[in-house]
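Engineer: Let the sequences and hints guide you as you build the complete structure.
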Amino acid sequence: MVAQMINVSGVLKDFKISKGLFRGKELLRAVDNVSLSVEQGEVLAIVGESGCGKTTLARIILGLLNPDQGTVEIDGRPILGFKRRELARLIQPIFQDPYSSLNPRKTIGSIINLPMRVQHDQDPGSWKKRTLDVMDLVGLPARMYQQYPNQLSGGQRQRVAIARALINKPKVVVCDEPTSALDVSVQSQILNLLNDLRKELNLTYILISHNLAVVEHMASKVAVMYYGKKVEEADTDSLFSSPNHDYTKKLLGSILVPDPRLRR
Amino acid sequence: MSNCVLDVKNLSVKIPLAGGVLHAVDNISLSVAKGETLCIVGESGCGKSLTSLAIMDLLPKKAIRKVDTLKLGGTSIANFSEKDMSSIRGNKMGMIFQEPMTSLNPAFTVENQMVETLARHQSVTGSKARELAVNMLEKVGITPAEQRLKQYPHQLSGGLRQRVMIAMTLLCEPELIIADEPTTALDVTIQAQILDLLRQLQNDFDVGLIFITHDLGVVANIADRVAVMYAGQIVEEGTVFEIFDKPTHPYTRGLLRCIPVPGKIKRGEPLGSIPGMVPSLIGTMDACRFEGRWDDASDRKFKQKKQKIRPLCLKDRIFEVEGDAGHIVRFCCDECLKKSNLNIMTANG
Amino acid sequence: MSANSEIKLDDGPKLGLLAKKVKGHQGMIIGSLIVFSVIAVALLAPLLAPHDPYQQDLMKRLVPPVWDDRGSWEHIFGTDHLGRDYLSRLIYGARISLLIGIGAALISGLIGTIMGVLAGYFGGRVDMVVTFMITVRLSMPVVLVALAVVAIVGGSLQVVITVLGLLLWDRFAVVMRSSTLQIRSMDYVAAAQAVGCSVSRVLMTEVMPNVVNNLIVITTIEIAHAIILEAALSFLGLGVQPPLPSWGLMVSEGKDMMLFESWLITIPGVALFLLVLAINLMGDGVRDITAPENRN
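Chains as they are written, first to last, in the numbering used here: chain A, 181 to 444; chain B, 59 to 407; chain C, 14 to 309.
If you're looking for bench data, these hints aren't it; they were derived computationally from the structure.
Glycine included, C-beta positions come from ideal geometry on N, C-alpha and C.
One or more hints might be untrue.
To be verified - Below, a sample of chain A positions facing chain B; criterion: calculated Cβ distance under 10 Å:
id, residue
1, Ser368
2, Glu396
3, Leu432
Structural biologist: Rendered as structure tokens:
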């Protein structure tokens, strides 16, 4: 029985939204009593459209936001019990926008080795080599070590983000729409890279996406979110072949297959 | 041809930059007929957006546009002044952009903006204009239309705003609509609705539509004809069936290999890919644009078999696919032609 | 154009990116030359000034500058109503202007930046308090408050620097707050937090380097602002006290003789104008050059 790597139970998160001058505040329920779990080595996809709460949930799982109710456990321990730095060794993010996930003022090398500096890793003399090793692992040429983000393309920047996430060998990676901002040909390179790395480093992924074709290719299990609630969860093949919830059916029905004979 | 809404021949756009001249669009030709949808598909930097800006004469000031023929509905607009062009834009030639929040003026109501369009181009005002606006909003599926007229853009969702944009574009009964990634910023369920709407409206109004996108799924669902752009050139052009059934140019084949399609590849198997990156288009363009981007192993696994081609214009390396009149392929250099390993028939077949 | 576009287009001046950089450089070069000259003059004042700026010579009152028929090379810029050499006073006055400008900007910069960055980063109650303080400060008429304080405490160089430093922090706070808010929403800040960076580390290594651009611009504006305010205060008699050769005080002392001895106000007036203009040009240039977009 493989241990559950991530266990989300009854998570709830509200945001106060100002309704304008003198009209006070209103509560927006971004995540409404969501529970799910991910096994070690698995890829769980969380799908939904804008406003469904998937990004908020991702940040809660990463420990960047605290839920108002409910708990998140990683490897059996609740994340609130971790210190910031300990948690960072276990779970790391890859964000959607390659143009805002890298500090424009820092070199690629210093962006990637930030985790090592923060964790006070031993043997600072080896840091540069470790950085170059991980750059090689994600397909970045060594000369980029001294370059700045604005000299790199979108696909290259995502590779930098992946390198930064993996340099301290976490157990879980939360990928928030990792390829939505990339071209199709770059997307396939990055998805292949993510798959290879998962197998090689024995990672667990939580993949947030609105692109069902990508989800079908990458994930073993899918959870569908709609207005903050989890409306359906199933393994990928079952979900795609026999969806239960109406919203899931609607989502699946709006997939545009690249085949003109199968026009809607 | 009275059926031809847009005719473009040999359009080039060059932009002088600090590091050299950017050859953004390199000698492309295209045409759109009444009631037809032409999809221009390509990835970032291929020049598809600049092509549409060139047609509308909305290029950045530094850009240099050269074109042999640019005809809208039979009239040449290649040498139109800004004044002439601005009376065509929004009128005979409509535009829909990706971000409706920035193309709708957030300071004015929907009604204001629609009525202004009518007043400017069709000299219709007052209650008659309002009536036309209401009718059009209903045609694009916005009900209750009266209520929405009074709202501001920020009060509408993304999908609604795009519908308003579409309604505004159709108000003046244009001959041609150019839509640049109109559904990219929308949710998938809304995207599907907007595409259905566009198809239906095109039928009703018999308007020519240029739809620019990077999403081949969208192309398959809405296009009649497809032009694939890469590195400033149209590398392949044909009907939507020809492009998807018989992709001939290595880039088109590469693109189709890359897309994840539910059920097509076993989970965990690598997706097809196009290795490398788009080359820089700045400076002299002697080098091969597809250098380092071949993936023969992946291509061999690809189901579509390679077609035979006939030369149309050897100087520009333009060929026609055997048996498909109008299905055209273009190569940037002789290397590409050789490496693509296609069977080249002589002109006499 | 899609947000992904690899081609960055610059729709600015028609002569191209190169010309734009040169144009920017020109302003900055001129500005920097003037500023560094003034600093050099201020530092080397004892060596450069032909006379003692405080030495009075009642026999040689109101001698015109050298370009007038009645002027002489002994007093290149003439003398004032007490016979003091104007050029020497101008040179020593540079010290005062610079001291006040930089001193006040340092104090107000420190206060405003801390308040603005903390408000932008933490939001919530911290932001509410800081915004309230900014609003209160903005509703105070600076010059009147400065006058009142100086009237009570007495005018002197230190008082003027302190008062201006405690009053001019609002623009720093507003600009730093909005810059920080913008940076706060960037994914690289979230990534740094996820990596385990402490709050202070995030502020120092992720936020500050990206708001420093705006800080430079505001600092140059406020230095210039402080210099002008001091001139105004001294002009009104409630800034630096005579016999200190503050340029504002020199204008004030010369205003009664404006019609016939116009050099008494034009010379320090032009000096003030040039210095403030130069500071602004230099600040613009530094900002442009250090912006990440220009790195290649």
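Engineer: Double-check A:Glu396 for me: the hint is only fine if its C-beta lies closer than 10 Å to a C-beta in chain B.
Structural biologist: holds (4 Å)
Engineer: Go through the hint on A:Ser368 and say holds or violated, using the shortest Cβ distance to chain B against 10 Å.
Structural biologist: holds (4 Å)
Engineer: With a cut-off of 10 Å, does the beta carbon of A:Leu432 approach a beta carbon of chain B closely enough for the hint to hold?
Structural biologist: holds (9 Å)
Of the hints listed earlier, there is not a single one the structure fails to meet.
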